[in-house]
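Asks: Letter by letter, the chains look like this.
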Amino acid sequence: MTAEPGWTPDQPIVSVKGVRKSFGDNEVLKGVGFDVMKGEVICIIGPSGSGKSTLIRCINGLNEIDEGSIKVEGQEVHDPALDKLALRRKVGMVFQQYNLFPHKTALENVMMAPVLVLKQPKAEVEARARKLMAKVRLEGKEHQYPGELSGGQQQRVAIARSLAMNPDVMLFDEVTAALDPETVKEVLVTIKDLAAEGMTCLLVTHEMGFAREVADHIYFTDRGVIVEHGPPETFFTEARDPRTREFLSQIL
Amino acid sequence: MDAVAEYFRELAEIAPRWNFIWMYDERQQGKILSGLWMTVQLSVACVAFSVVIGLVGAWMQGARSRIVRAIVQAYIQFFRNTPPFVQLLFFYFALGQFTPTHSPDGWLEVPIISNVGWAIISLSFFAGAFNVEIFRAGIEAVPESTQEAAESLGFTRLQIYLYVVLPLAFRVCLPSLNNNLVNLVKTTTQAFAIAVPELLYQSVSIWNDYPSAQYPTMLLLFVIYILLVAVLVFGMTKWEHAMRIPGYGR
Numbered sequence: 001m002t003a004e005p006g007w008t009p010d011q012p013i014v015s016v017k018g019v020r021k022s023f024g025d026n027e028v029l030k031g032v033g034f035d036v037m038k039g040e041v042i043c044i045i046g047p048s049g050s051g052k053s054t055l056i057r058c059i060n061g062l063n064e065i066d067e068g069s070i071k072v073e074g075q076e077v078h079d080p081a082l083d084k085l086a087l088r089r090k091v092g093m094v095f096q097q098y099n100l101f102p103h104k105t106a107l108e109n110v111m112m113a114p115v116l117v118l119k120q121p122k123a124e125v126e127a128r129a130r131k132l133m134a135k136v137r138l139e140g141k142e143h144q145y146p147g148e149l150s151g152g153q154q155q156r157v158a159i160a161r162s163l164a165m166n167p168d169v170m171l172f173d174e175v176t177a178a179l180d181p182e183t184v185k186e187v188l189v190t191i192k193d194l195a196a197e198g199m200t201c202l203l204v205t206h207e208m209g210f211a212r213e214v215a216d217h218i219y220f221t222d223r224g225v226i227v228e229h230g231p232p233e234t235f236f237t238e239a240r241d242p243r244t245r246e247f248l249s250q251i252l
Numbered sequence: 001m002d003a004v005a006e007y008f009r010e011l012a013e014i015a016p017r018w019n020f021i022w023m024y025d026e027r028q029q030g031k032i033l034s035g036l037w038m039t040v041q042l043s044v045a046c047v048a049f050s051v052v053i054g055l056v057g058a059w060m061q062g063a064r065s066r067i068v069r070a071i072v073q074a075y076i077q078f079f080r081n082t083p084p085f086v087q088l089l090f091f092y093f094a095l096g097q098f099t100p101t102h103s104p105d106g107w108l109e110v111p112i113i114s115n116v117g118w119a120i121i122s123l124s125f126f127a128g129a130f131n132v133e134i135f136r137a138g139i140e141a142v143p144e145s146t147q148e149a150a151e152s153l154g155f156t157r158l159q160i161y162l163y164v165v166l167p168l169a170f171r172v173c174l175p176s177l178n179n180n181l182v183n184l185v186k187t188t189t190q191a192f193a194i195a196v197p198e199l200l201y202q203s204v205s206i207w208n209d210y211p212s213a214q215y216p217t218m219l220l221l222f223v224i225y226i227l228l229v230a231v232l233v234f235g236m237t238k239w240e241h242a243m244r245i246p247g248y249g250r
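Sequence lines, in order, name chains A and B. First residue of the first sequence? That's 1 in this note's numbering, and the numbers climb one at a time after it. First residue of the second sequence? That's 1 in this note's numbering, and the numbers climb one at a time after it.
These are calculated hints, taken from the structure and not from any lab test. Please note that a few of the clues may not be correct.
[To be verified] Reference listing, derived: stretches of chain A covered by chain B, where coverage requires no fewer than 3 residues with Cβ under 8 Å from a Cβ of chain B: (1) 62-76; (2) 79-90; (3) 99-109; (4) 140-147.
Here the structure is a predicted model, which means the values were calculated and not measured. All C-beta atoms, glycine included, are put in the ideal place defined by N, C-alpha and C.
Use the sequences and the hints to build the structure in full.
Replies: Structural data, given as structure tokens:
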């Protein structure tokens with residue numbers, strides 16, 4: 001896994017500048033920019049349709065951007081010459097709907113990418129996958145199929161599956177939005193553990209309590225722009241923009 | 001066994017329209033068996049090739065190139081919208097003209113592709129056109145989001161197709177694939193027209209020699225095809241059960 005020459009860990013690990021993105025006539029991102037340093041936890045909040053998910057999907061190249069630049073470890077994500085595989089080894093992604101492979105057991109889900117994509121030896125991958133299953137507190141569920149697991153358990157398998165690729169950055173796209181309230185916590189605890197270990201995390205979330213507790217920096221987006229941002233200590237109490245205030249008053 | 005053969009020999013004398021000749025005449029029995037064997041071989045080859053054609057075609061339908069997609073579409077339209085019987089005749093008589101020949105003994109010119117070869121090619125392409133559509137329907141049933149997850153893990157397009165889309169699509173389309181393959185097995189009888197010595201061909205040759213054996217041989221044809229299809233359906237159902245995923249799709 002090589003970073004772009006010239007990139008050093010004291011520079012932003014993810015750097016987003018002036019990103020614009022339209023779906024047809026609908027411009028969902030209208031010039032968004034921010035930097036994430038290694039080990040930081042960033043939460044992106046905002047009303048539905050404000051472009052949060054699109055933004056995060058652009059970072060690992062699932063959506064193309066129309067304008068601007070996104071760099072991961074100094075490498076331009078939307079460079080047509082980019083080796084997408086190299087990017088995706090650096091950036092892990094967890095989705096709202098878990099998106100596990102339903103025909104594979106939990107353990108196989110975790111093992112698949114390292115074996116197929118990284119061509120690592122199976123035995124080695126399996127040992128690591130079992131450790132990851134334990135890390136997300138799913139020991140004993142290795143041989144269950146996704147359909148036999150609860151939403152929270154499936155989401156934790158999805159996190160383990162992403163971690164198996166040893167990413168430098170993890171993207172979480174509203175990962176608790178589809179879960180029952182009781183299982184939300186088990187997923188958040190897993191993410192919190194990751195953050196505590198120093199994993200760089202970008203989360204799109206509606207869990208304000210969680211954002212407050214875990215985030216180093218919070219960005220509030222509305223209608224395709226970043227309206228306001230700040231560390232959680234001040235963000236929730238000293239929001240200046242009326243849109244942020246209105247949103248927070250509805251949600252808190 | 002002799003008693004059974006004796007019974008049918010006597011029956012043929014009492015009821016001249018019910019000459020179950022292959023029950024006592026070894027030569028006719030041999031024809032039935034060799035015809036059956038040819039039908040089984042034809043069926044297995046056509047099933048295998050048509051499934052491969054279906055898989056490749058469905059993969060090509062997802063290609064970025066518009067030309068590739070148009071070619072697949074043209075192929076499907078042609079083979080689906082014209083009678084398989086006419087296709088078979090066209091392949092054998094028209095295309096057969098242009099295929100190179102070889103001469104194993106220095107005298108006879110033998111075409112490289114035999115009539116059996118043409119039957120397999122023609123019927124496989126015919127059933128393959130339907131298989132492409134069947135697999136496509138299965139592929140469309142695989143959620144985009146599942147493929148995106150694989151994409152975000154660094155899978156290539158081929159890996160996504162082979163390890164995620166196909167295994168899931170296959171489960172969805174097994175019932176309709178089953179239907180098409182049953183049809184295919186029955187359609188192998190049309191190879192009769194280009195003198196492939198399959199079951200129908202041999203049966204007709206029996207009742208041309210022995211008109212008294214016509215009705216019994218027709219009955220036999222029904223029974224054999226029912227059994228052949230039953231074996232296929234049994235296998236497919238077993239497969240469907242074996243592929244069932246705990247907790248999925250119910």
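Asks: Hints numbered earlier in the text: which of these fail when held up against the supplied structure?
Replies: Per hint list: single violation, 1.
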